[in-house]
Amino acid sequence: MLLQTKGVCKYFGGLKAVDQVDFSIEQGKLKSIIGPNGAGKTTFFNLVSGLYKPTHGQVTFQGKDVSHASMNQRSQLGITKTYQITSIFPRLSVFENVRLSAQSRVSMFNSWRKAYSYSALNNRTMEILEHVGLADQQGRTASELSHGEKRYLEIGIALATEPTILLLDEPTAGMSPAETVEATHLIRKLSNELKLTIILIEHDISVVMGISDEVMVLHEGKKLAEDTPEKISANETVQNVYLGKGAEPCSR
Amino acid sequence: MNAKKQINEAAAYKPYSWQTVLEFRAMWVVLALGIVLPFLVSKPLATEIMIYALFALAFNLLLGHTGMISFGHAGYLGVGSYAGAMVVFYGGVGVWVSLLAAMAGGALVAVIVALLAVKRKGAYFAMISLAIAQMLYFLALSPFKRWTEGEDSLKLPPLSVDFPIHLNLSDQMQLYYFVFVIVALAVLAQWRLLNSPFGHALKGIRENEDRIRACGFNITRIKFLSIIYSGLFSGLAGGLLAIYLGAASVTTLFWMTSGVVVMQTVLGGTHTFMGPFIGTMVFLYLRNNISNYTDRWEMWVGAMFMALILLFPEGLWGTVMQKIGERRRPSAS
Chain A
1 MLLQTKGVCK
11 YFGGLKAVDQ
21 VDFSIEQGKL
31 KSIIGPNGAG
41 KTTFFNLVSG
51 LYKPTHGQVT
61 FQGKDVSHAS
71 MNQRSQLGIT
81 KTYQITSIFP
91 RLSVFENVRL
101 SAQSRVSMFN
111 SWRKAYSYSA
121 LNNRTMEILE
131 HVGLADQQGR
141 TASELSHGEK
151 RYLEIGIALA
161 TEPTILLLDE
171 PTAGMSPAET
181 VEATHLIRKL
191 SNELKLTIIL
201 IEHDISVVMG
211 ISDEVMVLHE
221 GKKLAEDTPE
231 KISANETVQN
241 VYLGKGAEPC
251 SR
Chain B
1001 MNAKKQINEA
1011 AAYKPYSWQT
1021 VLEFRAMWVV
1031 LALGIVLPFL
1041 VSKPLATEIM
1051 IYALFALAFN
1061 LLLGHTGMIS
1071 FGHAGYLGVG
1081 SYAGAMVVFY
1091 GGVGVWVSLL
1101 AAMAGGALVA
1111 VIVALLAVKR
1121 KGAYFAMISL
1131 AIAQMLYFLA
1141 LSPFKRWTEG
1151 EDSLKLPPLS
1161 VDFPIHLNLS
1171 DQMQLYYFVF
1181 VIVALAVLAQ
1191 WRLLNSPFGH
1201 ALKGIRENED
1211 RIRACGFNIT
1221 RIKFLSIIYS
1231 GLFSGLAGGL
1241 LAIYLGAASV
1251 TTLFWMTSGV
1261 VVMQTVLGGT
1271 HTFMGPFIGT
1281 MVFLYLRNNI
1291 SNYTDRWEMW
1301 VGAMFMALIL
1311 LFPEGLWGTV
1321 MQKIGERRRP
1331 SAS
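These protein sequences, in sequence, are chains A and B.
For the first sequence, the working numbering begins at 1 and goes up steadily by one.
For the second sequence, the working numbering begins at 1001 and goes up steadily by one.
Some hints here could point you the wrong way.
Derived DSS-like pairs: lysine-lysine, alpha-carbon spacing no greater than 27 Å straight-line [claimed, not checked]: (1) A:K64 to A:K114; (2) A:K114 to A:K29; (3) A:K150 to A:K6; (4) A:K6 to A:K16; (5) A:K53 to B:K1119; (6) A:K29 to A:K223; (7) B:K1323 to A:K150; (8) A:K231 to A:K6; (9) A:K53 to B:K1323.
These are computed hints drawn from the structure, not numbers from a lab.
Produce the complete structure using the sequences and hints provided.
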């Protein structure tokens, strides 16, 4: 197992946002976490990314306990997240957005050498921009990109840190149905081509079914089911949560 | 050679944005203007402009480039000034050692501020830095009066430099070019600093602190170092100020010094490299001219400052750059 959580809990006062969740993912797999709004997906995700520290339980990565490692420490270990709300460097160029992120693996404090003189970094940046389809936009200021392009840039920034495991928080949020299809294909492609381990969060069940190796369903902070997409679709409890209570969150 | 060529071919990118190219040229234009400045305005005003421009650039390392607002930059300038003056007054050392001491003094205050406040954001950081600077002011004013001479200022003997060439710093012209060369070198060093990996990390913090942390940057340490660099350059400006004034004065430590540098920087444009330099030139030129006509110059400078900020919301230089950007956009690919 590349990453594992054992009985992790996160309480906010009396609210049990995440309650006793066991989760694991193998190298190279794409696993999705779904659940209705407020199911604790993002909280769980932030326990893995390091933004939150678990109230109880343990997060292990490559056999090491990382429960109390900070977000930048976990990033340096190879756990990198993207944001549900687009989080880029708006006034920097598309190129610089990705290059700066890649720079985190090379130099933080060198105050003399020219930042653009690291040709390995520059080349890697262009490779990543090719992967996410932004190579021809590299000179533009990031804030000028369209919403969909910003979401791809977001993924590009995360890829630049050479993650072992990539955490994607609703990468298709705010995209049109057509863009969503394109984005899900891109995510699957990244997983295949770069042999990346990916954890994907979604509230829209249809997005993940086609691309995931496995799906975990969260409901009210607890794990409801964990299985292959086919079996999840057939699972009655899951259907109740999503359909029985009329809780299909997006009208697509 | 072959490998280099390959990279150049593979690199269909132009990493330097037009803003960077424009700023680089503007820097050389302003420095070239510095060569003739003492013939355009009075020599003392020209010297003062250079010193305060360096101070404003150092201040903007934090405000414009890292995104941290400091209201206590008088502390770095003032302690730099005293450190530089004291080693001359009590130690009898030369001008170069004095400037090194000034930088060390500024950096020392920066370390104290950073230790106490590096994790504080926005107004909290501003208030802590202001409190420390005010504390230093009152310490210099009275408890340390034995060493600082308090309100009487610590007066320096006439100074001269023997290395690399002989300069008599009592001569206004020679003093100006001495100050100018040091300020120009410091400006170039800051340019280099801001275009280094560290400088780019600073911009990342300014743009999106949360994101840059998620990329794996240790922002606490980067900010810490940024505060120290700012203190170092501010201290250098303080050392030059002591040489120019022929004294280290307690008013340098007063909170108004911190306020004026904010005005100069904002006037020029915080999101630019040369903005603070240009803002300082305009500010001091206006102040100097208006104070020739009226004693109430603060009021007129204040009114002009407001008018200019309304006309140039991004600062004088910042707004010019913005307009150029807007004009470029339709034609940009």
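Hint check:
For the hint pairing K64 of chain A with K114 of chain A, the CA-to-CA distance comes to about 36 Å; that exceeds 27 Å, so the pair is violated. Proposed proximity of K114 of chain A and K29 of chain A is contradicted: the alpha carbons are some 38 Å apart, above 27 Å. Taking the CA atoms of K150 of chain A and K6 of chain A, the gap is about 34 Å. The hint is violated against a cut of 27 Å. Proposed proximity of K6 of chain A and K16 of chain A is supported: the alpha carbons are some 16 Å apart, at most 27 Å.
Restraint check: the Cα-Cα separation between K53 of chain A and K1119 of chain B comes to about 19 Å, which is no more than 27 Å; the hinted pair holds. A distance of roughly 19 Å separates the Cα atoms of K29 of chain A and K223 of chain A; the hinted pair therefore holds under the 27 Å criterion. Annotation: proposed proximity of K1323 of chain B to K150 of chain A holds, straight-line Cα distance about 25 Å (limit 27 Å). Taken as a hint, the K231 of chain A and K6 of chain A pair is honoured in the structure, with Cα atoms around 23 Å apart against an allowance of 27 Å.
Using a Cα cut-off of 27 Å, the hinted pair K53 of chain A and K1323 of chain B is violated, with the two alpha carbons roughly 46 Å apart.
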